[in-house]
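Trainee: Keeping their order, the protein sequence lines are chains A and B. Just so we're aligned: the first sequence equals residues 1 to 381 in the numbering used here. Just so we're aligned: the second sequence equals residues 1 to 214 in the numbering used here.
These are computed hints drawn from the structure, not numbers from a lab. Careful, some of the hints might be misleading.
[To be verified] 30 Å max Cα-Cα, derived BS3-like pairs, lysine-lysine:
hint, chain 1, residue 1, chain 2, residue 2
1, B, Lys158, B, Lys131
2, A, Lys310, A, Lys44
3, B, Lys18, A, Lys225
4, B, Lys172, B, Lys207
5, B, Lys131, A, Lys77
6, A, Lys97, B, Lys131
Bear in mind the structure is a predicted one, so any value in this text is a computation, not a measurement.
Here are the chains, one letter per residue:
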Amino acid sequence: MNDRERWLATMHGEPVDHIPDEEFGYWDDTFTIWHKQGLPREVKDNSIADRFFCFSRREVVPVNVGLSPRFRRRVLKEDERHRLIIDEEGVEAVIHKDGSSSIPHFVRFPLQTREDWKRLKRRLDPDDPRRYPVDWEWRVRQWKDRTYPLGIFVGSLFGWLRNWMGFEHIAVTFHDDPDWIHEMMEHITDLIIKTIQRALQDVQLDFAAFWEDMAFRNGPMISPKMFREFMVPRYKRITDELRRHGVDIVYVDCDGNITELVELWLEAGVNTMFPLEVRGGSDPALLRKRFGKAVKLLGGVDKTKLIEGKEAIRREIARLEPLVADGGYIPHVDHRVPPDVTYENYLYYLKVKRDAFGIPHPKCWEEQWAAAQQHLARAVA
Amino acid sequence: MFDLTPLTEAVIVGNAPKAKELTQKALDAGVSPGTILQEGLIPGMAEVGRRFEEREYYVPELLIAARAMHAALDILRPLLTASDEVQPLGTVVIGTVRGDLHDIGKNLVSMMLEGAGFEVRDLGIDVSPEKFVDAAREGNCDIIAMSALLTTTMPSMKLTIDALKEAGLRDKVKVMIGGAPITQEYADQIGADGYGEDANQAVWVAKQLLGIAR
Numbered sequence: 001m002n003d004r005e006r007w008l009a010t011m012h013g014e015p016v017d018h019i020p021d022e023e024f025g026y027w028d029d030t031f032t033i034w035h036k037q038g039l040p041r042e043v044k045d046n047s048i049a050d051r052f053f054c055f056s057r058r059e060v061v062p063v064n065v066g067l068s069p070r071f072r073r074r075v076l077k078e079d080e081r082h083r084l085i086i087d088e089e090g091v092e093a094v095i096h097k098d099g100s101s102s103i104p105h106f107v108r109f110p111l112q113t114r115e116d117w118k119r120l121k122r123r124l125d126p127d128d129p130r131r132y133p134v135d136w137e138w139r140v141r142q143w144k145d146r147t148y149p150l151g152i153f154v155g156s157l158f159g160w161l162r163n164w165m166g167f168e169h170i171a172v173t174f175h176d177d178p179d180w181i182h183e184m185m186e187h188i189t190d191l192i193i194k195t196i197q198r199a200l201q202d203v204q205l206d207f208a209a210f211w212e213d214m215a216f217r218n219g220p221m222i223s224p225k226m227f228r229e230f231m232v233p234r235y236k237r238i239t240d241e242l243r244r245h246g247v248d249i250v251y252v253d254c255d256g257n258i259t260e261l262v263e264l265w266l267e268a269g270v271n272t273m274f275p276l277e278v279r280g281g282s283d284p285a286l287l288r289k290r291f292g293k294a295v296k297l298l299g300g301v302d303k304t305k306l307i308e309g310k311e312a313i314r315r316e317i318a319r320l321e322p323l324v325a326d327g328g329y330i331p332h333v334d335h336r337v338p339p340d341v342t343y344e345n346y347l348y349y350l351k352v353k354r355d356a357f358g359i360p361h362p363k364c365w366e367e368q369w370a371a372a373q374q375h376l377a378r379a380v381a
Numbered sequence: 001m002f003d004l005t006p007l008t009e010a011v012i013v014g015n016a017p018k019a020k021e022l023t024q025k026a027l028d029a030g031v032s033p034g035t036i037l038q039e040g041l042i043p044g045m046a047e048v049g050r051r052f053e054e055r056e057y058y059v060p061e062l063l064i065a066a067r068a069m070h071a072a073l074d075i076l077r078p079l080l081t082a083s084d085e086v087q088p089l090g091t092v093v094i095g096t097v098r099g100d101l102h103d104i105g106k107n108l109v110s111m112m113l114e115g116a117g118f119e120v121r122d123l124g125i126d127v128s129p130e131k132f133v134d135a136a137r138e139g140n141c142d143i144i145a146m147s148a149l150l151t152t153t154m155p156s157m158k159l160t161i162d163a164l165k166e167a168g169l170r171d172k173v174k175v176m177i178g179g180a181p182i183t184q185e186y187a188d189q190i191g192a193d194g195y196g197e198d199a200n201q202a203v204w205v206a207k208q209l210l211g212i213a214r
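Make a model of the complete structure from these sequences and hints.
Mentor: What follows is the structure, given as structure tokens:
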């Protein structure tokens, strides 16, 4: 089986030679610390790491369904430890100067009034030609005989607005001015549907991905009642469009405890949950028990077990074995790997996971890396 | 006798203009600021907390209720300060620990503690153990409440507890902790006095720690 056949068969609960070998990624400072623990210095970002660890290939088409253009990221001021920046979404935020992991401290948001919305909407124009790369036709030809799964990012109904407005502001606006929330979500839905048309017609895509991050560890940021009123019908419009073009694996990226929302996502045509933060309250085994095979799962390996040590890693993988056998599930660490997981523990985790699920071990990493470097040196020469 | 039930109701449903109007009416009718706080506003926020716990309310409802309470408090606060009629349940010094910049959870806890009648001194984000120690040393601090979002910043909680011990202040203040990766087990492990799973539970824990749980 190639990567594409294997991924689709796994997600559809069909027999496979083994499950795909996938991982979520790493925080920036995880690389810094792992370099001191033996990871080659050349492995310094997530895409290089994917190749280094020989994970299965899976990609998304480079179609921009969001802000176009995005804001220009720049530093406004800095002190000894912090930097005040404007990020690509126009949000002023304080971040650590040394690059260590943290959710930023948000200071000012670009969307506070209906006037701001009028301005921001100019960046949400579906007819903006920059939404597709100039070499789109060439890419479409390359994708025809691909051996790996290819999907499309289909945006966000709540997460984007929350990022642009700030959590407290959007939360109270649901009560103070629900019509405005409806208006904004409707515009975003129309934008997404219109933007993805060309990709859906040109390429047989394998999956679609939403991003929301709309749950705390005790549950969703808004009530299921609000979710149903504001979001379910709009997700449905998008997922109906996807299914008309044969895209039947639709996942949502949402950290935290999503349990209360899963039923509503399923109703809305979003059938796959990712990344299933176990300590955050989303356990893949419990979701499968409650929703059966209607729910497909990506992630769900408790990252804190990798911090804990080898015995905990073995127990965690053993816990997930029946679920993998059940199908429709690809296990991987339940978010980016934090820097308090040692490199040794991470390698051990990959070994245990690959052994447990029959995933072939790639060549010795060091050998592979040396070969790649020699190849590069020859190419340069 | 002035009926404070509609004021309580205005807080519960998050109607800030109504809460403000009814607070003024109560004052005009001769109800003392302390009575309005204790019998009108605090029961409202307690009910909001209960509904949050029971999953009838979510954070948006919590926020609009707190906004209504604050609208009323804006009128009452100068009068309460002048009269000395009501003492806070205790003072909580709160902050997000060193290395952590995220503050939504911490702000929700502050809001609920204030709503329950605590005085809250918010040290903000990325607060060093030294800053927590300084705040405890300054006095008027019954509880230190720390929040962390990341596994990498959790150790700052222990460092703060150690710093309190070194400064000889550990037995003078209670320490409670919370945040996404925190568990009761971790709280026990680092020697914290209490752990709150969410904003509402944090109120209950704070009351327990001060021996005033109701």
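Trainee: Determine for every hint whether it applies to the structure shown.
Mentor: Verification of the hints:
1. Simply put, lysine 158 (chain B) and lysine 131 (chain B) have alpha-carbon atoms about 14 Å apart, close enough for the 30 Å limit, and the pair holds.
2. In summary, the hint linking lysine 310 (chain A) to lysine 44 (chain A) is supported, as the alpha carbons are separated by about 25 Å, within the 30 Å threshold.
3. A hinted pair counts as satisfied when its Cα atoms are at most 30 Å apart, and lysine 18 (chain B) with lysine 225 (chain A) qualifies at roughly 25 Å.
4. For the suggested pair lysine 172 (chain B) and lysine 207 (chain B), the alpha carbons sit about 16 Å apart, so the restraint of at most 30 Å is met.
5. Pair hint lysine 131 (chain B) plus lysine 77 (chain A) holds up; C-alpha atoms about 24 Å apart against a cutoff of 30 Å.
6. Between the alpha carbons of lysine 97 (chain A) and lysine 131 (chain B) the distance comes to roughly 20 Å, so the proposed pair stays at or under 30 Å and holds.
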